[in-house]
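Chains as they are written, first to last, in my numbering: chain A, 1 to 82; chain B, 1 to 451.
Keep in mind the hints are simulated off the structure, nothing from the lab. Errors might be hidden in some of the hints.
[As the list claims (entries may be wrong)] Lysine-lysine pairs mimicking BS3-like chemistry, simulated, CA-CA at most 30 Å apart:
(1) B:Lys-375 - B:Lys-387
(2) B:Lys-378 - B:Lys-230
(3) B:Lys-286 - B:Lys-219
(4) B:Lys-188 - A:Lys-42
(5) B:Lys-233 - B:Lys-332
(6) A:Lys-51 - B:Lys-332
(7) A:Lys-21 - B:Lys-163
(8) B:Lys-332 - A:Lys-21
(9) B:Lys-386 - A:Lys-21
(10) B:Lys-95 - B:Lys-386
(11) B:Lys-332 - A:Lys-42
(12) B:Lys-230 - B:Lys-387
(13) B:Lys-219 - A:Lys-46
(14) B:Lys-282 - B:Lys-163
(15) B:Lys-375 - B:Lys-227
(16) B:Lys-332 - A:Lys-46
(17) B:Lys-230 - B:Lys-286
(18) B:Lys-227 - B:Lys-286
(19) B:Lys-230 - B:Lys-282
(20) B:Lys-95 - A:Lys-21
(21) B:Lys-230 - B:Lys-332
(22) B:Lys-375 - B:Lys-386
(23) B:Lys-188 - A:Lys-51
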Amino acid sequence: MAEGQLYEIFGEVISSRHFLKAFIITATATFLMYFAAPTIVKALGKEDFLKALRVTLSALGAFVGFIISSAIIEPKRIVEEE
Amino acid sequence: MDIGILLLQATFLTILSVLMYIIIGMIPGTDETATIAPITLALLAAGFDPLLVLAWFMGTIVAFKAADAVPTALAAIPGGVMAVPQVPDALVARKYGYSEIVLRKGITASVIGTVVAIVIALPLSFYLTPLGDLLKTQMGPLNWPGWVYIIVAGIIVLAVMSKAKILALLAIFPFAMLVQGIRAVYGKPVFISIFLAITIGPILYELLTLISPHNHHLKRDSYARIKLVKTDKITLNPLHHLDKLEVTLSSIFAGISSILSAFMSPVGLTILFGDLIKEAEKDELKGSLRAYAVRDAIKNATYIGGTLIPLIAIGVPTGPMSAGPAAPFFAKLDAFNGLSPRDVLLQRYSTPTIMLVIAYVTLLAALLTYVILIKYSKPLTRFVFKKIPAEALYSTFLAIVLVLSYMEAGIAGIFGSILVGLISATFARNGVSIGVLFMVLVAAPYLVALL
Numbered sequence: 001m002a003e004g005q006l007y008e009i010f011g012e013v014i015s016s017r018h019f020l021k022a023f024i025i026t027a028t029a030t031f032l033m034y035f036a037a038p039t040i041v042k043a044l045g046k047e048d049f050l051k052a053l054r055v056t057l058s059a060l061g062a063f064v065g066f067i068i069s070s071a072i073i074e075p076k077r078i079v080e081e082e
Numbered sequence: 001m002d003i004g005i006l007l008l009q010a011t012f013l014t015i016l017s018v019l020m021y022i023i024i025g026m027i028p029g030t031d032e033t034a035t036i037a038p039i040t041l042a043l044l045a046a047g048f049d050p051l052l053v054l055a056w057f058m059g060t061i062v063a064f065k066a067a068d069a070v071p072t073a074l075a076a077i078p079g080g081v082m083a084v085p086q087v088p089d090a091l092v093a094r095k096y097g098y099s100e101i102v103l104r105k106g107i108t109a110s111v112i113g114t115v116v117a118i119v120i121a122l123p124l125s126f127y128l129t130p131l132g133d134l135l136k137t138q139m140g141p142l143n144w145p146g147w148v149y150i151i152v153a154g155i156i157v158l159a160v161m162s163k164a165k166i167l168a169l170l171a172i173f174p175f176a177m178l179v180q181g182i183r184a185v186y187g188k189p190v191f192i193s194i195f196l197a198i199t200i201g202p203i204l205y206e207l208l209t210l211i212s213p214h215n216h217h218l219k220r221d222s223y224a225r226i227k228l229v230k231t232d233k234i235t236l237n238p239l240h241h242l243d244k245l246e247v248t249l250s251s252i253f254a255g256i257s258s259i260l261s262a263f264m265s266p267v268g269l270t271i272l273f274g275d276l277i278k279e280a281e282k283d284e285l286k287g288s289l290r291a292y293a294v295r296d297a298i299k300n301a302t303y304i305g306g307t308l309i310p311l312i313a314i315g316v317p318t319g320p321m322s323a324g325p326a327a328p329f330f331a332k333l334d335a336f337n338g339l340s341p342r343d344v345l346l347q348r349y350s351t352p353t354i355m356l357v358i359a360y361v362t363l364l365a366a367l368l369t370y371v372i373l374i375k376y377s378k379p380l381t382r383f384v385f386k387k388i389p390a391e392a393l394y395s396t397f398l399a400i401v402l403v404l405s406y407m408e409a410g411i412a413g414i415f416g417s418i419l420v421g422l423i424s425a426t427f428a429r430n431g432v433s434i435g436v437l438f439m440v441l442v443a444a445p446y447l448v449a450l451l
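Bound conformation, chain A alone (with noise of 0.2 Å):
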């Protein structure tokens, strides 16, 4: 099947496959930030904030995940109106 399987998760239908992309991109685009953040806390100027901007870039990257995964993949419902 070209989605993967389909499975039924709180009430959502997802494809494994489709998941398993999701989360590498979330997952990917999280820790890059994280582990980034000091460069990039550096080429700010503002060392001292490494620790808040970590979090605070992490969050970030997580965001942008949601947002290219949401762009990529289908969402697993057929919306009928009366």
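With chain A held as given, fit chain B onto it using these hints.
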């Protein structure tokens, strides 16, 4: 900080959180703690001003709780755990062709619940502050601080109210030992990663089931089918949506619930009072419409009261709301030199400032949510169902939990979170209220010391 600048920043954050959480609230299956706590925690751990993060948080819960009932009314699919009790009433409404009416009633009642809770719980939380000091002194036969007795009493009440009462009671000590054991392995009293692991547990469990060969019962061969009911343009006048009795009942029960939720479960209160109202009315349709509306009012009120009273008055998370979604405010964070955001909030700002900002952002969030949902509930639901894949949402929260676990305790932190998540999920799936686990986490050092 200048009050004008503060209000301006709070306005911006509230608008942002309302817009974001209206969308997240409508996505089916979103657990409240799992979707609110990681982001709140990320903001606090980053050292943002606690009052501004609280502004963000209030916007979040107001929008989230109003929005999670929208797919319930329009498609009989609950937007979250708290909306599950509303499904039967939404189905009755649909049977009589009243879906659009029940939608308007719910949105309007959630605004009433918000306003009542702010009027009652906010001043009350400041009046009760002396109680908070009293609760911090050691007392009683076990020489515990007063608040620990309250938490332990809360754990027992929640356990007895769980679907699996005996299992819930049995879970208390093993789970406390798990928490303390993991802290011993890490060599520090971590809170955040264990807390997040509990919130993400149920999702983690289901996702790991996918890797197992015993996953047949979850397999599907087609997409989910969702039927959206027809709606017309809705008037903005709130008086058109509720009758006098519904306004009265919503206000009374929201008021009572906002106080009780400092110690009691929001889901429990929503079910209890909603059912009482439904059973008091013989006419099926009238009873369901009324119960649906009142439940929406109670939801918002319990979230607001359950956050503000422990946060301002007591200083420790005494109920499932404060030990759940609002728990990050009570965690000792490096960003605040080991203090909790709650302590910093009360040290940094005067009572009038806190009251003004909280009242302002909550009412702003209620107004925004009301206007957006009344005007755009149908297109928003359509957008969410057609554009937001569940895969992306689950991945995002998992990634946030993993990165925060790694930050707190390295690779061990990630494995620790998987362990706690799986054990929490096992209890939760077998009928133990997840609130029990949150509160055991808070009381764990005291409980293990008893053994």
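Okay, the hints, checked on the actual structure:
In summary, the hint linking B:Lys-375 to B:Lys-387 is supported, as the alpha carbons are separated by about 20 Å, within the 30 Å threshold. With a C-alpha separation of about 9 Å, the suggested pair B:Lys-378 and B:Lys-230 falls inside the 30 Å cut-off, and the hint holds. At roughly 39 Å between alpha-carbon atoms, B:Lys-286 and B:Lys-219 are farther apart than 30 Å, so this suggested pair is violated. About 29 Å separates the Cα atoms of B:Lys-188 and A:Lys-42, which keeps this hinted pair within 30 Å; it holds.
Restraint check for B:Lys-233 and B:Lys-332: not satisfied, since their Cα atoms lie roughly 48 Å apart, outside the 30 Å limit. Between A:Lys-51 and B:Lys-332 the CA atoms are separated by roughly 15 Å; this keeps the pair inside 30 Å, and the hint holds. The straight-line distance between the Cα atoms of A:Lys-21 and B:Lys-163 is roughly 36 Å, outside the 30 Å bound, and the hint therefore fails. Distance hint between B:Lys-332 and A:Lys-21 is unfulfilled; the C-alpha atoms sit about 35 Å from each other, more than 30 Å.
For the hint linking B:Lys-386 to A:Lys-21, the alpha-carbon distance of about 19 Å falls within 30 Å, and the restraint holds. For the proposed pair B:Lys-95 and B:Lys-386, the alpha carbon gap of about 25 Å is at most 30 Å, so the pair holds. Simply put, B:Lys-332 and A:Lys-42 have alpha-carbon atoms about 27 Å apart, close enough for the 30 Å limit, and the pair holds. For the proposed pair B:Lys-230 and B:Lys-387, the alpha carbon gap of about 20 Å is at most 30 Å, so the pair holds.
With a CA separation close to 50 Å, the supplied pair B:Lys-219 and A:Lys-46 exceeds the 30 Å bound. With a C-alpha separation of about 28 Å, the suggested pair B:Lys-282 and B:Lys-163 falls inside the 30 Å cut-off, and the hint holds. Distance check on the hinted pair: B:Lys-375 and B:Lys-227 sit about 20 Å apart at the alpha-carbon level, within 30 Å; holds. At most 30 Å may separate the alpha-carbon atoms for a hinted pair to count; B:Lys-332 and A:Lys-46 meet this at roughly 24 Å.
Taken as a hint, the B:Lys-230 and B:Lys-286 pair is honoured in the structure, with Cα atoms around 21 Å apart against an allowance of 30 Å. With a C-alpha separation of about 24 Å, the suggested pairing of B:Lys-227 with B:Lys-286 holds against the 30 Å cut-off. This hinted pair checks out: B:Lys-230 and B:Lys-282 have alpha carbons roughly 28 Å apart, not beyond 30 Å. Between B:Lys-95 and A:Lys-21 the CA atoms are separated by roughly 41 Å; this puts the pair beyond 30 Å, and the hint is violated.
At roughly 49 Å between alpha-carbon atoms, B:Lys-230 and B:Lys-332 are farther apart than 30 Å, so this suggested pair is violated. Restraint check for B:Lys-375 and B:Lys-386: satisfied, since their Cα atoms lie roughly 19 Å apart, inside the 30 Å limit. A distance of roughly 18 Å separates the Cα atoms of B:Lys-188 and A:Lys-51; the hinted pair therefore holds under the 30 Å criterion.
Of the numbered hints listed earlier, those contradicted by the structure are 3, 5, 7, 8, 13, 20, 21.
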